[in-house]
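Asker: Those protein sequence lines, which keep their order, are chains A and B.
Note that the numbering used here numbers the first sequence so that position 288 is 330, with each residue one more than the last.
Note that the numbering used here numbers the second sequence so that position 20 is 763, with each residue one more than the last.
Don't take every hint at face value.
Unchecked claim - Covered stretches of chain A (in silico footprint by chain B; criterion: 3 or more residues with CB under 8 Å from a CB of chain B, positions within the stretch not fixed):
(1) 94–108
(2) 127–135
(3) 146–157
(4) 192–201
By construction, these hints were calculated from the structure, which means they are not laboratory data.
Positions of the beta carbon are idealized from the N, C-alpha and C atoms, including for glycine.
Each chain, letter by letter, is given below.
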Amino acid sequence: MTPHAADGLGELLEQITGFIFPNEIEIHWSLLIVVYPYVTGLVAGAFILASLVKVFNIKEVQPTYRLSLLTALAFLLVAPLPLLLHLSQPLRFYEILLTPNPASAMAMFGFVYAWYLMGVLLLEIWFEYRQDLITLAQTARSSLRWVYRVLSLFSRDVSGEALAFDRQAIQAITIIGIPSAFLLHGYVGFIFGSVKANPWWGSVLMPIVFLMSAIVSGIALVILLYMVLTALRRKPIDMACLDKITSYLFYAVIVDFSLEALDFVHRLYQSEESVKILGKLITHKLFMSLFVIQILLGMLIPLGILVLAKVRRFNDDLRKLLYFTAVILIQLGIFATRWNVVIGGQLFSKSFRGLMTYKLEMMGIEGLLTALLVLALPFVILAVLIRLLPTERLADRAPTAG
Amino acid sequence: MNKREFLKGAILFFPAGGVLSALAREAAGKETPGKDGGARPETKKGYDPADHYYGMGIEVDRCIGCNRCAVACKAENDVPDEPFYFRTWVERYTITRDGNVTVENISVGPRKEATQDAREVVRTFFVPKLCNHCANPPCVQVCPVKATFTTQDGAVIVDRERCIGCRYCIQACPYGARYLHPKTKTADKCTFCYHRVVKGLQPACVEVCPTQARIFGDLKSKASRLVRFARMNKIHVLKPSLNTEPKVYYAQLDGEVR
Chain A
43 MTPHAADGLG
53 ELLEQITGFI
63 FPNEIEIHWS
73 LLIVVYPYVT
83 GLVAGAFILA
93 SLVKVFNIKE
103 VQPTYRLSLL
113 TALAFLLVAP
123 LPLLLHLSQP
133 LRFYEILLTP
143 NPASAMAMFG
153 FVYAWYLMGV
163 LLLEIWFEYR
173 QDLITLAQTA
183 RSSLRWVYRV
193 LSLFSRDVSG
203 EALAFDRQAI
213 QAITIIGIPS
223 AFLLHGYVGF
233 IFGSVKANPW
243 WGSVLMPIVF
253 LMSAIVSGIA
263 LVILLYMVLT
273 ALRRKPIDMA
283 CLDKITSYLF
293 YAVIVDFSLE
303 ALDFVHRLYQ
313 SEESVKILGK
323 LITHKLFMSL
333 FVIQILLGML
343 IPLGILVLAK
353 VRRFNDDLRK
363 LLYFTAVILI
373 QLGIFATRWN
383 VVIGGQLFSK
393 SFRGLMTYKL
403 EMMGIEGLLT
413 ALLVLALPFV
423 ILAVLIRLLP
433 TERLADRAPT
443 AG
Chain B
744 MNKREFLKGA
754 ILFFPAGGVL
764 SALAREAAGK
774 ETPGKDGGAR
784 PETKKGYDPA
794 DHYYGMGIEV
804 DRCIGCNRCA
814 VACKAENDVP
824 DEPFYFRTWV
834 ERYTITRDGN
844 VTVENISVGP
854 RKEATQDARE
864 VVRTFFVPKL
874 CNHCANPPCV
884 QVCPVKATFT
894 TQDGAVIVDR
904 ERCIGCRYCI
914 QACPYGARYL
924 HPKTKTADKC
934 TFCYHRVVKG
944 LQPACVEVCP
954 TQARIFGDLK
964 SKASRLVRFA
974 RMNKIHVLKP
984 SLNTEPKVYY
994 AQLDGEVR
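Chain B with its partners taken away, still in its complex shape (with noise of 0.2 Å):
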């Protein structure tokens, strides 16, 4: 290798070095550094939920129904494999030239293939749906034990420890994200995998996505893929009406979706 060679190389290299290391750390769930200063995840103990406030993007058109995030989050989560158990799931929407829609949940198993003439169809889409994780959400203010409640960072979680069981939540959840846990007999959600995102990680759902429909990150930090997202799509929420202020956000979103 001559001067000139290494030279080049350099130039290439120490840039692309600087790219590649923020990627590294964007995909690590980590957009600022964080006290320990470093691009390596985040650990439980220098963690500072005042810093984050989390919220998820999803991408509709980029969605192509391979269900393999409400797969992994029944893995991580423990969520029974019933099909009427789950924290997130996918949704298909098929709307017909004479108005007509379909909805399939298809996170419930083998389903036999649509007959429908293609002709016919419209527009088909996936949705996936998950706890919207609202800044105000029905479900912590009827809590009669205070077992559900919104974490600093931004996750409405569930304590099982205090939960009695009362399912009060479960009725005041506008987006039928809850159920009530067979096994510890109290309410379950997804927590945005609370215990991952705590140490840098990204909640599971997210990490499978092969299209990377689902963007997670934190509504605090400008360098946040979330932060990007809402800045180049235009956004809907769930039911705004309802004024829960979710905080998963989606682009693309069609009005048939509820």
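Isolated chain A (complex conformation) (with noise of 0.2 Å):
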């Protein structure tokens, strides 16, 4: 650490109310652990809204499909990226891929990352477009030929058969993929719901608690990228598609927060030891993005406008605009709730008797830019995907384009 930062340090000396623990004043989890949470959420959730269409069949949601794979394609590539920026010795990361504690909940990271990129993302991806691959290995521009050559690995069965054993293993895949979602996202929340030391981490609820809004961060981002993927192509919305997912997305929010209702009932009426500094933590830390961004601005509020348009019959384009209003906020909420679990987890010693403060950094690895350039890079490598690779089937193209 530079003596600039240890000065950071002792400033934030100042801001401690009551009694911690000399070592408590540094934030170790800083902004980029609230990002990588977040991150792994959107890819869960993103899956979990694809995979409605290919295990329970909903035709409506079918626009989609393409798109919600390829979003969670795009952030699970970042997905690792906040992590290894935040060790301390970063060039030691393969350590946890070679010599991983088996007991450690974070050795394991690795392995439900590779298997859920390799074995069910990227698979069922391949298998999706494996036959556009083909056609486009043929239709493309010179330029781009050799590479859905290589990314069709170089297959040319288009036969009925082959087409047919493409669907049924994206069936298998998804079936597969399902459990895998919630693997990686159950996981990224038991690394937090496990640690005993810490009453406002430690819960049984908390994978499943990050579970559920893993479900409506993806479900509203994969809403929000549709509408303005639609709006830059010029193209007409599929109302019915939108209504359907943000019904789905309404009824993950209310889970969401039913389970998250439930957690703080609990703590209050239990009400143990760590009740009191937990009861401070909320009124004088968190209250800004606990109650007003996360409970009021990112789930009350985007419900009633949910309510309001399912229960009002409006218009297309006030429709429209009230969901896209209700994504947005449900995506602040999701950060929100991502940052009070992260951040509000190390804002209390714990001795119980007092409250630290994190002073957000600007520049710095571990600072704000960093960590929006990382939000940022999803949404590249997502715009790089969907040149090469279509959101709509070839095949259901009025004319096929090249």
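Need the complex rebuilt from these two chains, each delivered in its own frame; the hints are there to steer you.
Answerer: Spelled out as structure tokens, the structure:
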């Protein structure tokens, strides 16, 4: 650490209220660790939305199927980045893969991640796109043809039998994929939920709350991307699709809200040793991010908007506007949820006698700028992916475009 | 000197010599004769970790809050001077008649003296804190690369060549005993002065304590001061409900201490 950074900690010394253990001044898991569960949550949520089409055969959602898969992939590729940047010895990251401690929840990251990326997501995308890749390898610009040929892994078989196998494979992968997506994000929740030293984190509900909020954020993101993409392409939005997805979003938010409310009431009612300091934490340190952003802006208002849009028979344009507002608010709310878990859990002393302060850096490897870049990167990757891999089946397009 | 005087002196001298040499052995942190059989401090060479299992006793009522332990620890272990990196520190508790508890860390540097009306104070005491070298350590459980581990002789230590700096161990420690060392960029904590202990020396904090509030010893040796300490006192550990099984034992610990 530079002397400058130590000065930063010295500054925080002044902002302690009550008593804390001396080593607790430094907030060890910073903004990047807020970004990490947020990003993996989007992956899991987007994938589960895609699975609705294949497993539960919900036809209305078909227009967002490929977009969901590509969104999941774009965010999954970025997911390890905030973790890597956050390590204070980043060049030793491979130790976690080569010599993992089987007792450590965190050590499982590499395996869960690799399984989900290669065992599920890439496979499903490949089978989904195989036919199109073969077509594109013949019709695309000559400079791109070899790219498609490589992406299709040089497969050429477009016989009915082969295509039927693709469909079966997708079905099978999706069925394995849903529990895998649950595993991916439930696991992230477990990393926090299993820390018994920290009463704000240590909860058996944590993986499930993480999972439900992941589904909420993933669905909301795909809705947002779908609306923006169709607007950019100057195409009409499939309102049946949008209505259907937003109704799923609505139910997911209800379940998520109920689980978080249960967690809250349970803590309050059990009233354990930590209840006083946690009460101070949420009223003194997290009032804005928890009550205002997460609960009011991120849950209650979007729920109200979604109810309004369902109950009143508004016209398409107004509904679009309402949905758009709701999904943006929900994104904000879920980001605040991650913030409240990760940062909130480090703002009170394990002596239960005092509160610390988190000072967000602007620059620097764990600063706001890095976090924004990490959050922007998946959208860049997604833009490239969408360029290469059409979000509609080529066969469904009226005139085949190159 | 006549014969009678000589015999008298010898009768006193030989048992006293035995007592003194036993005391010297104990002071050197070596309770039972080691493999080399002598009373001199063990060297790393002859040391077998399987023969030992270390812990520490703290007699709260003996601590006078001089803070020499925290200073010695920083000097011995290259702990940064800043007031937010500690392997050991001393807390001062002041409990007033209305039940109000004030806790201060006296190791963070000069502080203004308490201006509390002494008549209002019900009890006040110092509590030295350090890594509890838990027998069931959550920090060791969560380390993704086994950089932090328990030695055979019961010390929980960090391999700074392996630590990747993920800081999960810091989050998992219920006692706030760990920090990220700003120079090595790896997790750092009390080692019971392992480098001294394997040479048969006492940890630095124990060595400098003027009141012997800290007692270091071997739980495997019945002759150990620590075993005697545990026998003679009603002892308690910090946060027992977390089942971390600490090996730092407190005598006369107040219920307010977490």
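Asker: Would you mind marking each hint as holding or not holding in the structure?
Answerer: Hints, one by one, checked against the model:
1. 94–108: Coverage by chain B is violated for the region 94–108 of chain A (0 residues, Cβ < 8 Å).
2. 127–135: holds (count 7)
3. 146–157: holds (count 5)
4. 192–201: Since 0 is below three, the answer is violated.
Hints 1 and 4 from the earlier list are contradicted by this structure; the remaining hints agree with it.
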